Amino acid sequence: MTATPLLELSGVTVHLADRAGATGARKPVLDGIDLALAPGEALGLVGESGSGKSMTVRAVTRLLPGGAELDGSIRFDGQDVGAMDAGALRAYRDNGVGMIFQDPRAHINPTRRIGAFLIEALVRNRGVGRREAEARAVTVLTEVGIDDPARRLRQYPHELSGGMLQRVMIASVLLAEPRLILADEPTTALDVTIQAEVVGILDRLRRERGLGMVFITHDLDLALAVCGRVAVMYAGRIVELREAEELHQRASHPYTLGLLGSRPSIDERAERLKAIPGRPVSAFESGPGCAFADRCAHVQPVCREVRPELEPFQGGLVRCHRVAEIALQEVQA
Amino acid sequence: MKPLQLLRRARAALGPSGTCAAVFMIVVLVAAVAAPLLAPYNPNAEALLDSFAPPSASHLLGADGIGRDILSRLMFGARTSLLGPALVVSIALLVGIPMALAACWYGGFVDSVIARVFDIVYAMPGLLLAVLAVSLFGPGLVPAVAALSIAYIPFLARIVLAAARQQRVSPYVDALSVQGFGAVRITVRHILRNIAPVVLGQAAIAFGYALLDLAALSYLGLAVQAPTADWGVMVSDETALQQGYWLPILAPGVLIVLCVLSLTVIGARISGERPQPYLLRRARKSAVAAPALTGAAS
Numbered sequence: 001m002t003a004t005p006l007l008e009l010s011g012v013t014v015h016l017a018d019r020a021g022a023t024g025a026r027k028p029v030l031d032g033i034d035l036a037l038a039p040g041e042a043l044g045l046v047g048e049s050g051s052g053k054s055m056t057v058r059a060v061t062r063l064l065p066g067g068a069e070l071d072g073s074i075r076f077d078g079q080d081v082g083a084m085d086a087g088a089l090r091a092y093r094d095n096g097v098g099m100i101f102q103d104p105r106a107h108i109n110p111t112r113r114i115g116a117f118l119i120e121a122l123v124r125n126r127g128v129g130r131r132e133a134e135a136r137a138v139t140v141l142t143e144v145g146i147d148d149p150a151r152r153l154r155q156y157p158h159e160l161s162g163g164m165l166q167r168v169m170i171a172s173v174l175l176a177e178p179r180l181i182l183a184d185e186p187t188t189a190l191d192v193t194i195q196a197e198v199v200g201i202l203d204r205l206r207r208e209r210g211l212g213m214v215f216i217t218h219d220l221d222l223a224l225a226v227c228g229r230v231a232v233m234y235a236g237r238i239v240e241l242r243e244a245e246e247l248h249q250r251a252s253h254p255y256t257l258g259l260l261g262s263r264p265s266i267d268e269r270a271e272r273l274k275a276i277p278g279r280p281v282s283a284f285e286s287g288p289g290c291a292f293a294d295r296c297a298h299v300q301p302v303c304r305e306v307r308p309e310l311e312p313f314q315g316g317l318v319r320c321h322r323v324a325e326i327a328l329q330e331v332q333a
Numbered sequence: 001m002k003p004l005q006l007l008r009r010a011r012a013a014l015g016p017s018g019t020c021a022a023v024f025m026i027v028v029l030v031a032a033v034a035a036p037l038l039a040p041y042n043p044n045a046e047a048l049l050d051s052f053a054p055p056s057a058s059h060l061l062g063a064d065g066i067g068r069d070i071l072s073r074l075m076f077g078a079r080t081s082l083l084g085p086a087l088v089v090s091i092a093l094l095v096g097i098p099m100a101l102a103a104c105w106y107g108g109f110v111d112s113v114i115a116r117v118f119d120i121v122y123a124m125p126g127l128l129l130a131v132l133a134v135s136l137f138g139p140g141l142v143p144a145v146a147a148l149s150i151a152y153i154p155f156l157a158r159i160v161l162a163a164a165r166q167q168r169v170s171p172y173v174d175a176l177s178v179q180g181f182g183a184v185r186i187t188v189r190h191i192l193r194n195i196a197p198v199v200l201g202q203a204a205i206a207f208g209y210a211l212l213d214l215a216a217l218s219y220l221g222l223a224v225q226a227p228t229a230d231w232g233v234m235v236s237d238e239t240a241l242q243q244g245y246w247l248p249i250l251a252p253g254v255l256i257v258l259c260v261l262s263l264t265v266i267g268a269r270i271s272g273e274r275p276q277p278y279l280l281r282r283a284r285k286s287a288v289a290a291p292a293l294t295g296a297a298s
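Read top to bottom, the protein sequences are chains A and B.
Going letter by letter, the first sequence gives residues 1 to 333 in the working numbering.
Going letter by letter, the second sequence gives residues 1 to 298 in the working numbering.
Read the hints as simulated data drawn from the structure, not as lab findings.
What you are looking at is a predicted structure, and each value in this text was computed from that prediction instead of being measured.
You can take every hint at face value.
No farther apart than 25 Å at their CA atoms in a straight line, the calculated lysine to any residue pairs in the SDA-like style are these:
no.: 1; chain 1: A; residue 1: K27; chain 2: A; residue 2: L310
no.: 2; chain 1: A; residue 1: K27; chain 2: A; residue 2: S49
no.: 3; chain 1: B; residue 1: K2; chain 2: A; residue 2: A150
no.: 4; chain 1: B; residue 1: K2; chain 2: A; residue 2: R112
no.: 5; chain 1: B; residue 1: K2; chain 2: A; residue 2: R130
no.: 6; chain 1: B; residue 1: K2; chain 2: A; residue 2: R151
no.: 7; chain 1: B; residue 1: K2; chain 2: A; residue 2: E159
no.: 8; chain 1: A; residue 1: K27; chain 2: B; residue 2: S170
no.: 9; chain 1: B; residue 1: K2; chain 2: A; residue 2: E134
no.: 10; chain 1: B; residue 1: K2; chain 2: B; residue 2: P16
no.: 11; chain 1: B; residue 1: K2; chain 2: A; residue 2: P110
no.: 12; chain 1: A; residue 1: K27; chain 2: B; residue 2: P171
no.: 13; chain 1: A; residue 1: K27; chain 2: B; residue 2: G107
no.: 14; chain 1: B; residue 1: K2; chain 2: A; residue 2: A116
no.: 15; chain 1: A; residue 1: K27; chain 2: B; residue 2: G108
no.: 16; chain 1: B; residue 1: K2; chain 2: A; residue 2: H158
no.: 17; chain 1: A; residue 1: K27; chain 2: B; residue 2: V169
no.: 18; chain 1: B; residue 1: K2; chain 2: B; residue 2: L14
Chain B with its partners taken away, still in its complex shape (with noise of 0.2 Å):
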């Protein structure tokens, strides 16, 4: 397929609000990827003479109480702000995976146990997890995001076996066995492959609210580590609202909340409950057909 044709079916299946969050979350994306390219200063040169420098052509966003460029940490900052909440999505579904897809196959007992399991994790806050790990092993990112990726199993996981059982019982998967093909042939190149809109969308979703989990694990001072910049650190500076100035901490903070707002309306377009190219065909007719689809409404 012609990349420009994929672009505007893409398009068609986010919708106005969709294309706009998946735009947006590139832009970060790519300034995070790019940071030591497109970041006018190193994050950490502290530079005293700018301390609390208002925003100016050479500091677009100003500069917090130490002289630090706020732009170029909020380019660096998206980099573990995004790294981690990859992690913990990443994680959670290598995992939540083969054993939904096992429950689901092989039903009775297996799905029991699985799906208790699942409830069981399900039921211990993702915070309160971390906050133990880091007990235990320390303040870094590394046990943070080891605890969220438990915590996320079952948010995930559950969502996959719920469409997967659905499927488990469509007739073309009788069929399939029929022709003899096998369970991980079934489960994972047809039953997978028919559920991947909902995973996916339902991975975006956990993907803003993993970032906005390490964020406050950061701001606690319990995940990344204050001179490294990143949004979670940098909401934490103190000095800052302390002495009247909200850019520093606002700036992060509005950038959190449109990260998980974008991913959550992506979540939720892509995940639409129906197959895809059923979903792309319906997006192009009522483009066509909306008139009279809202006339025979009403």
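Just chain A, same shape as in the assembly (with noise of 0.2 Å):
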């Protein structure tokens, strides 16, 4: 972790312009991530709905909604990707980052051919021959597990179902060669049988290419199977940052326990899932204090006065006030 890292994100903060208020107000949705990422390194960012995971690599890619507000330092191998110009923007997005989207159906132009999809950045914009571009499309499809290739070049979106389709957009980032692939929760629209098998392609792609990736999911463990490292988002912040590995035995924040302790397990037999009680809040909803106080069972009067900071604890980064005294209280129980 010496090294350069790939990705460096410190501090960043995003506010969405607000159209309902009309005293211009702005949503903060992003509130001080800190993150690095180091090249060949998996990261998974997990959270439930509105936690600004997606807002996370939208903000890597500059694809913010139109009025929004990027504070704080993207930079991708060193460059500064906020200060980009349009020329450097479109190379970095070209071949710095690839980006798989959670919906292959909507992302896809629908009325262009898988083929045409599939060469036309490397035509385009690396000048290479359609013959050669249309041979390494069919190697790259035969990678990611789609059979008969050639034909495949020739038909529509609609005549892909949505795993295969997943396959296809794999395969487009994989040919434009990025450093980081950045995956919005790739897997989220497919049935589980054809997650795992489109997640172990993903993995196995990534890991021969020595790729960086972050990988978007609200499953735990999901993150956990994939990735190095996980960070957990809530309400627009990292709330823990952790070895996938040791984040099983050593999970310190109350909302990371929550998320751990609401799925099911073939070990035990329950009447009801145990589920986090109240609703997740966005970051511009939170009070002064800890974003997770209302939820927590924990909560004491300073974690609603006093913001917590991201501090080590046992070998991660945790955000909460309390954390000593819950793992004495997990080691006890």
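Grab the two chains, each in its own frame, and use the hints to assemble them into the complex.
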């Protein structure tokens, strides 16, 4: 981790223009995100809907909605992403990062053939010949487990199943040979058996090529399986960051514990699944203190008044005032 | 794709009414292009002995007051009558599409300014603008076409803008941006391509309106000038009207109406709001499963 990080976010804060409010108030959706990703490393971003996972990777690609304001710095391989001009940004999007979206059917132009979709970037941005580009596309399609790739190139997106189409999108990202893959819930739209297959393919090909990856999911187990480190997000902030192997044993933040506790288990029989009480809040709804305070079983007056910082605890980083006491209770229990 | 297959697809997309309209337009177009070969007479050859000759084997549609063959004049007239609106629609598209795409891509202030410009031009009646142009530059096809072109820009560009805005917010546009494509590539090769049916359909409808407008201007003596064969000019043949001969006026009139009608039908069929592949698929499906569908609906 001493080498230059591939991706480095420091104090990334995003405000969205609040159109409903006539005052021109700005809603924060990300609040001081600090992350660093080494080349070839996979980092998981886990959290509920609205916790800012997608907004984080959108900030990395500078694909924020209109009127959004970005503070803090995002560095890709030492370059400041926020300061890139149009040409540099296009080059960075072309061969620096590749993004896999949640819903491939919506994110691929439905009126173009799969072949046109796959080779367009190569032909247009890299000056690769059509024949050569198609040959490469066929190779990569085979790698992502699509049979009869030559025929697929001539088909339209609506002729492929969701799982197939997500493989096509993975193939398109691999074809661009980026150094960092941003996977925004790549398997949420797929059913569970296909999900395992697609994630397996993505994980294997990423490792073979030594690509960095930011993997967004709300499935904690999935993140633990494919990522080296996992960041748990809540209300636009990172509340816990830890090595994946250690998260099971050493999870310390009450929210992470809640997430781990609310998974179904094969070994235990339970009448009902445990749930975290209350509903997830957005960054702009949280008060001056800890955003999780209203749902936390360990809440103290200080939690509502003072915002906790992300501090080292047992080999990871945790954002909680009472983390030491809670850990002690867990051990005693 | 084989030509026959292409033809079958076109027929499916156009439907029965659209196919009839398309066939009619093709006939008119062929007659216009091949007029020098097909027309039985010189359109301006006068033969006073044939004055107001009724339809016969030598003059299929009769002759006008100074003995010019009406069929021949209709065929040559189709050339000026179709060339004018073709120019109007082409110029309006060439200017309007880039403006609409720029407005949709950049949004915000640029969008507001361009959309307001369209609104302002849209508020001016095309015919009035053309009359103004003729009064400034003298009668003729060029000033009339120029004025109508400007007036038709918003008519087409507003539709392009509305359809493009819909595409602009589609997730695939974001995905293309992240792949490193620029504004021109995405707007022209993806957005414009996807809305092409809407644009073409609207262009066909505009073609019909422009034909009608130019015919009206020629009728008033402001666009195409008198001895030249043109449908609008032919309708203005007063002597025929005064002497009770209706065919020299009715024939070009009917042609104008049929052309506008055909173009409107074709335009409406093409722009059926869905992207083309889906439209074709649906047409094929409904041909197979029509009874089941009507059963479900009732």
